[in-house]
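> One letter stands for each residue in the lines below.
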Amino acid sequence: MKKGHFILAVVFFLIAVTFAFYFFDYIDFPDLSLIPSYAAASFLRMSLAYFFALCFALSYGYVAATNKRARSFMLPFLDILQSIPILGFFPAAVLFFISHIHGRPGVEMAAIFLIFTSMAWNLAFGVYESLTNIPKEIVEAANSFGLRGWQRLEKLTIPACVPKMVYNSIISWSAGWFFLVASEIISAGSESYKLPGIGSFLIESTYSGKIALMLAGLSALIIIILLLELFIWKPMQSWADRFSYDYRGDKKPGDFIFNTRIIKRSFHFIFKAFSRVMVSLYIIFHKNKIFEAAAKYSGYLTLAAAIGYILYLLLGSVAKVFLDLPPGAYSIPLAIAYSFLRLGAAYIICILWTIPVAVYIARNKKASSYLMPIMEVTASIPAIALFPAIVVIFMRYGNLELASILLVLLGMQWYMLFNLISGVKSISNDLENVALSYGIKGKLYWKKVILPAMFPSFVTGSITAWGGGWNTLIVAEYITFNGNVYHLFGIGYLLDRATFESPDPGMVILSVLSMSLTIIILNKLIWQPLYRKALTKYKLEV
Amino acid sequence: MIFPKVTISEIIGLLEAVNDAGGVEDAARLAGDFDLELDEILPSIDGAELLGFVEVKNGNIELTADAKMFLELGIRDRKKIIRDKVKGVELIKELRNRLLESDEQKMKKGDALKFINNNISTNDSESYFRIIINWTRHAGLIGYNSDAEEICLMAEK
Amino acid sequence: MLTEIRGVSKTYESDGNKILALDNINFQVDDNDFICIVGPSGCGKSTLLRIIVGLEKPTCGEVFFKGEVIAADNPKVAMVFQNFALFPWFTVKENIKLALEALGIKEKEQDEIAGKYIKAVGLDGFERVYPRELSGGMKQRVGFARALAVEPVLLCMDEPFSSLDALTSQNLKDDLLMLWAEKNMPPDAVIMVTHNVEEAVYLANRIIILSRRPGKVMADLKIELPRPRNRKDPEFYRWVDKVYSLIV
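Just so you know, the sequences run in chain order R, H and U. Quick note on my numbering: the first sequence kicks off at 1 and runs consecutively. Quick note on my numbering: the second sequence kicks off at 1 and runs consecutively. Quick note on my numbering: the third sequence kicks off at 1 and runs consecutively.
Chain R on its own, in the form it takes in the complex (with noise of 0.2 Å):
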């Protein structure tokens, strides 16, 4: 079944039930009609966010890309703020933004600030590598032409950056609609620092128990990201073809459905608008030489000031904090403990289902077809949605450690699962004539040829769950349920409890000083050996 037609049919699906929810009088039309204000709110932060990052992400990018003195401290730069937990950011932005820009403003700003960072890294990436990237022949021929300039920025660097970035674009929005929710639910705990967004509809209509409002606003998010997908990003990956180096011409019309005319036409003309806007402020700077110098070095100085004013704030938290330890600090390591216990079981769990059904799927032509547009749909729905329902369900029985780990669970599978299929994918037919020809099957094929196949892909799917799973846990570990705060002891706990129960500078960095550290380490001794050996080992060739 062509997935365009299947997201048609489950948002036609969704608004109906709404409606017959409606119409069948379990909801009121003034609650209702509170979905759309909220989920315009919820969007025009993502876009926000947005904007932000791709204008930093072009800025960043293109420097890097094009000044080797800045190059050799902004990569390692950005692959330091990479690592840090997002979600890990936001107690810590809040404050930050809090003391600068009282009441909900500052809380605004930091949500969107928190979306911003769960996309810019990833885009600056994605520039520095498009432009790193353009085959030597293009950018010789551009050379022998004479290309310079503005030019140059527009027939040769921003196109360049395209293909990526759309891509880039997708995931980030992807992983956007995760902290988004996040950012709306967590606050949501907080009276004074309540953000009104479909985070916070999902979390009041369900705690105040009208769960047919809650699904409402779930189908309403649920809509809006398939409509995207629809309309937005499908077509846009086929326009963003036209500028990718190796036109693979086996690409099939795809399965979207909207790929007509217009929407062509109309992306093309933002483009182009885009690219001009771009050019001209180009031709601005580099025209006049005292507005160059003017721009270079404010742009430089205020580089420089961002990073010296937070390094100072930092500097100065995390003395104080060493030299007047808050009493909290020894909990940490102790808290960490546990929620890397919450994401082990959340894993393991992961790992036993993920991996059969990867396998299934990746051989199996028929089920293939049907399963994975289900399972694509249904994976762009951000995990933490549904986390208002898990909590009400949960707190019946009274066990939060469950809802937490089926909450990290959700978070972490569809990252393995996709990457498992992959990975079963790409052993080649020859590979399986082998083992068909030679008898090797049943236990033996498992061990010997598809696990082994399946290793980088498994490691790269573990270290995105795993990223994804300490996000999660921030928000798993601390709920505020009908006025009462609920709580699993762990450094999500520590973080949240600090930052809205009683604010603590102190603990808040110490926390995500500690949490980030845990990562590094995971990481260094870990993940990036396995990493490693999966390059190399088990690399298969193409």
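Hint data in this document are derived by calculation from the structure and do not stem from the laboratory. It is possible that part of the hints are untrue.
[As the list claims (entries may be wrong)] Taking beta-carbon pairs under 8 Å as the criterion, some of the chain U residues facing chain R (in silico):
(1) A72
(2) F81
(3) E101
(4) V150
(5) P152
[Said to hold, decoys possible] Pairs of lysine-lysine, PhoX-like flavour, derived with a Cα cap of 25 Å:
(6) U:K106 x H:K109
(7) U:K183 x U:K76
(8) U:K57 x R:K441
(9) R:K443 x U:K108
(10) U:K106 x U:K76
[Claimed, not checked] The following label-pair restraints were derived from C-beta to C-beta distances:
(11) R:Y167 x U:R227: 50 to 60 Å
(12) R:L444 x U:K76: 18 to 28 Å
(13) U:E13 x R:S59: 52 to 62 Å
(14) U:E151 x R:R71: 57 to 67 Å
By construction, the Cβ of each residue, glycine as well, lies at the ideal position given by its N, Cα and C atoms.
Here the structure of chain R is known, so what remains is to put chains H and U in place on it, guided by the hints.
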């Protein structure tokens, strides 16, 4: 020093081809027969010369007596000849001596690459490393453990 | 008689069209046959080989191996692949032992047999090497060793030399002929698919020529050239000519 970038298999293939032509063949014609470019056939000729299997005179490749005897042998016996021939190659002799002198008769790949750089003027020591290891493995003289990234002397059988 | 190909036809579905790839193929394979199946691209020779080996089922007709319908995992029929098909996470020896393990052979014996065939194809010294470190020629040697190690009665090869450079290919062909000549070495018969006529005349004692699609048997030629064969020999060239004239 220049070391030919060619595998042992290619060298033996060349010998067999010249043998088919009666033991002597014009290099150009040989290249034509196998549809090979200059760059593709020269290393094989150089390699065959280095191992004492051919002599090149006036653009003609001529098999030596050693080569003719070699070609009469089966796969297993050929191995012994290859071993003796490769043992005599200057660069490989040097490398073996270095290994004999070292503690566990091992050498890290990095050091091996440095050794290659010192003896062959190149900026691609990696490819030369692969070729040299191909020769020494064929000859059963030096092996390479890619996990540990070190080369080691192989035991005489 | 080892293998009988009886009335084999194969039809494919592509974009809703039915394509006849092979049309009523009939021939037998006997002890000591070294058969090369030649034909232009697209004539279905690889498909035919896959059917003979049991990797694909014919649309009509049957393939009998020693009286029974062929199954893909028949241990008496082994295959060598054009692109080597080695498992990258196993060393040379481990790749070979895997085929033996699949036959239920115990570890110690696996080691001995693998060692024997590694020496037979001249791979000693390369036992613990990974495929990524090997040149194409060496990889194909492993392919041969693996096929021979299961001691098949029939060896099937799908364009085994086409991914190799000319000189290495020459070397490997001569080594193959040496192994073929050895009485104590498996297999009893070989079927090889190639699009290179010279290669076929050099190696085979029997050439089966397939026509353009749909592939039909145009000729079944016995090559009467004494071994060792020499490309430079005018007699050799006459046979090549003869094959070409039958194809074109």
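> Just to be careful: measuring from the Cβ of E101 of chain U to every Cβ in chain R, is the smallest value less than 8 Å?
holds, 6 Å
> Run the distance test for K443 of chain R versus K108 of chain U: straight-line Cα separation, threshold 25 Å.
OK: K443 of chain R and K108 of chain U at ~20 Å, within 25 Å.
> For a C-alpha distance cap of 25 Å, please report whether K106 of chain U and K109 of chain H respect it.
Judged against 25 Å, a Cα distance of about 36 Å means the pair is violated.
> Honestly, do E13 of chain U and S59 of chain R meet the 52 to 62 Å range at C-beta?
The hint (52 to 62 Å, Cβ to Cβ) holds, given that E13 of chain U and S59 of chain R are roughly 53 Å apart.
> With a cut-off of 8 Å, does the beta carbon of P152 of chain U approach a beta carbon of chain R closely enough for the hint to hold?
Violated. Min distance 10 Å.
> Are V150 of chain U and chain R close enough, Cβ to Cβ, to be under 8 Å, as the hint says?
holds, 7 Å
> Is the Cα-Cα distance between K57 of chain U and K441 of chain R 25 Å or less?
holds, 19 Å
> Decide if the proposed pair is consistent with the structure: K106 of chain U and K76 of chain U, CA atoms, cutoff 25 Å inclusive.
Holds: K106 of chain U and K76 of chain U sit about 18 Å apart, inside 25 Å.
> Could you grab the alpha-carbon distance between K183 of chain U and K76 of chain U and see if it respects the 25 Å cut-off?
holds, 17 Å
> Range hint 57 to 67 Å: satisfied by the CB atoms of E151 of chain U and R71 of chain R?
Once the Cβ atoms are compared, 59 Å apart, the range 57 to 67 Å for R71 of chain R and E151 of chain U holds.
> Range first: 50 to 60 Å. Now tell me if the beta carbons of Y167 of chain R and R227 of chain U are that far apart.
holds, 58 Å
> Would you settle whether the hint for A72 of chain U is holds or violated, based on the nearest Cβ-Cβ distance to chain R being less than 8 Å?
holds, 5 Å
The structure fails hints 5 and 6 (numbered hints given earlier, in ascending order).
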